[in-house]
Amino acid sequence: MSATPDLYELGDAPEIGTAPKKMYASLIRRERYGQPVDAFRTEVVDVPPVGRGQVLVKVMAAGINYNNVWAALGSPLDVIAARQKAGATEDFHIGGSDLSGIVWAVGEDVRGVKLGDEVVVLANRWDEKAEDIRLGGDPTWSTSQRVWGYEENYGSFAQFAVIDDYMCHPKPARLSWAEAACYMATAATAYRQLFGWPPHTVRPGDPVLIWGGAGGLGCIAIQLVRHVGGIPVAVVSSEERGEFCLKLGAEGYIDRRTFDHWGRLPDTSDDEAMGRWLSGARAFGRAFWEVLGERRSPRIVL
Numbered sequence: 280m281s282a283t284p285d286l287y288e289l290g291d292a293p294e295i296g297t298a299p300k301k302m303y304a305s306l307i308r309r310e311r312y313g314q315p316v317d318a319f320r321t322e323v324v325d326v327p328p329v330g331r332g333q334v335l336v337k338v339m340a341a342g343i344n345y346n347n348v349w350a351a352l353g354s355p356l357d358v359i360a361a362r363q364k365a366g367a368t369e370d371f372h373i374g375g376s377d378l379s380g381i382v383w384a385v386g387e388d389v390r391g392v393k394l395g396d397e398v399v400v401l402a403n404r405w406d407e408k409a410e411d412i413r414l415g416g417d418p419t420w421s422t423s424q425r426v427w428g429y430e431e432n433y434g435s436f437a438q439f440a441v442i443d444d445y446m447c448h449p450k451p452a453r454l455s456w457a458e459a460a461c462y463m464a465t466a467a468t469a470y471r472q473l474f475g476w477p478p479h480t481v482r483p484g485d486p487v488l489i490w491g492g493a494g495g496l497g498c499i500a501i502q503l504v505r506h507v508g509g510i511p512v513a514v515v516s517s518e519e520r521g522e523f524c525l526k527l528g529a530e531g532y533i534d535r536r537t538f539d540h541w542g543r544l545p546d547t548s549d550d551e552a553m554g555r556w557l558s559g560a561r562a563f564g565r566a567f568w569e570v571l572g573e574r575r576s577p578r579i580v581l
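Under this note's numbering, residues 280 to 581 are what the sequence shown spells out, in order.
Note that these hints are calculated values from the structure, not bench results.
Bear in mind the structure is a predicted one, so any value in this text is a computation, not a measurement.
Among the clues, some could well be false.
Each computed DSS-like pair below joins lysine-lysine, with the alpha-carbon atoms no more than 30 Å apart [to be verified]:
(1) K364 with K301
(2) K364 with K300
(3) K408 with K393
(4) K408 with K364
(5) K393 with K301
(6) K300 with K393
DEER-style ranges, computed between Cβ atoms [what the hints assert, rightly or not]:
(7) V323 with R425: 23 to 33 Å
(8) A409 with V323: 26 to 36 Å
(9) L557 with R308: 43 to 53 Å
(10) R471 with D388: 25 to 35 Å
(11) D325 with A452: 30 to 40 Å
C-beta: ideal position from N, C-alpha, C; glycine also.
Could you put together the complete structure from these sequences and hints?
Below, the structure written as structure tokens:
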């Protein structure tokens, strides 16, 4: 198929500074809800208009998050129905909450980015005119805050994406497009968990227990803790994942499969069940001490 002024082949684009009218996108429709491999299909849709303070980004790579597994399933939230109930007219969902790309067009009053900039995107979107923000509140706690590409439509699984300018951050030059597209959502979350709640923040020498050490949040958390001089200890579900955590900088790891006291706390009147639970909890604590090399509790648990 040859390129036209309105529709471009995947990987092609109009002249920088010009927004196309149509684009290819991998999207979900309600009649296809189910496993992602079945729910997502490539279709041609209109490119959203670029408004005041907004940026059109040509997507070079898109990251995959669990939120669009949920979107594909239509559970625990039917994102299409929820938006239609709020007044949206689209009967589809373009997912994707992470991307790396090139600033291709800008709207009025855009600040901080210009045409041609290579950027990554953080998916937190809010209304800068919201009362709680105007009163000085943290925008991520605003009642207007939404997750772009999940709660909001037109995410990164498309040739182009329209985002607010404050969502753009410089792409690290040393990273490939694919590498740069996969870390923002998890890195920002892990950073706030570890450093966003003074005085409960990681300090040099602090032991930190990191559940799901080989996952998106965990692997970033291990590196952040080690970077500031903390002692990261990972919890994993296989030896292979444990070795991966060691390579990232973990002091050691605990294989959770060797314990069976997980789940709901037993009824305190059930002496036998509570005894088994306490025995497992104490054994887990000893495993943490063994990795640490001393009898200290974690200062922070992620």
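These are the hints, each one checked on the structure:
1. K364 with K301: The given pair, whose Cα atoms are some 26 Å apart, holds under the 30 Å limit.
2. K364 with K300: Holds: K364 and K300 sit about 27 Å apart, inside 30 Å.
3. K408 with K393: Status holds; Cα separation ~23 Å.
4. K408 with K364: holds, 23 Å
5. K393 with K301: holds, 23 Å
6. K300 with K393: With Cα atoms ~21 Å apart, K300 and K393 stay inside 30 Å; holds.
7. V323 with R425: 23 to 33 Å: holds, 26 Å
8. A409 with V323: 26 to 36 Å: Given a distance of about 34 Å, which is inside 26 to 36 Å, the answer is holds.
9. L557 with R308: 43 to 53 Å: holds, 50 Å
10. R471 with D388: 25 to 35 Å: This hint holds: roughly 28 Å between Cβ atoms.
11. D325 with A452: 30 to 40 Å: holds, 33 Å
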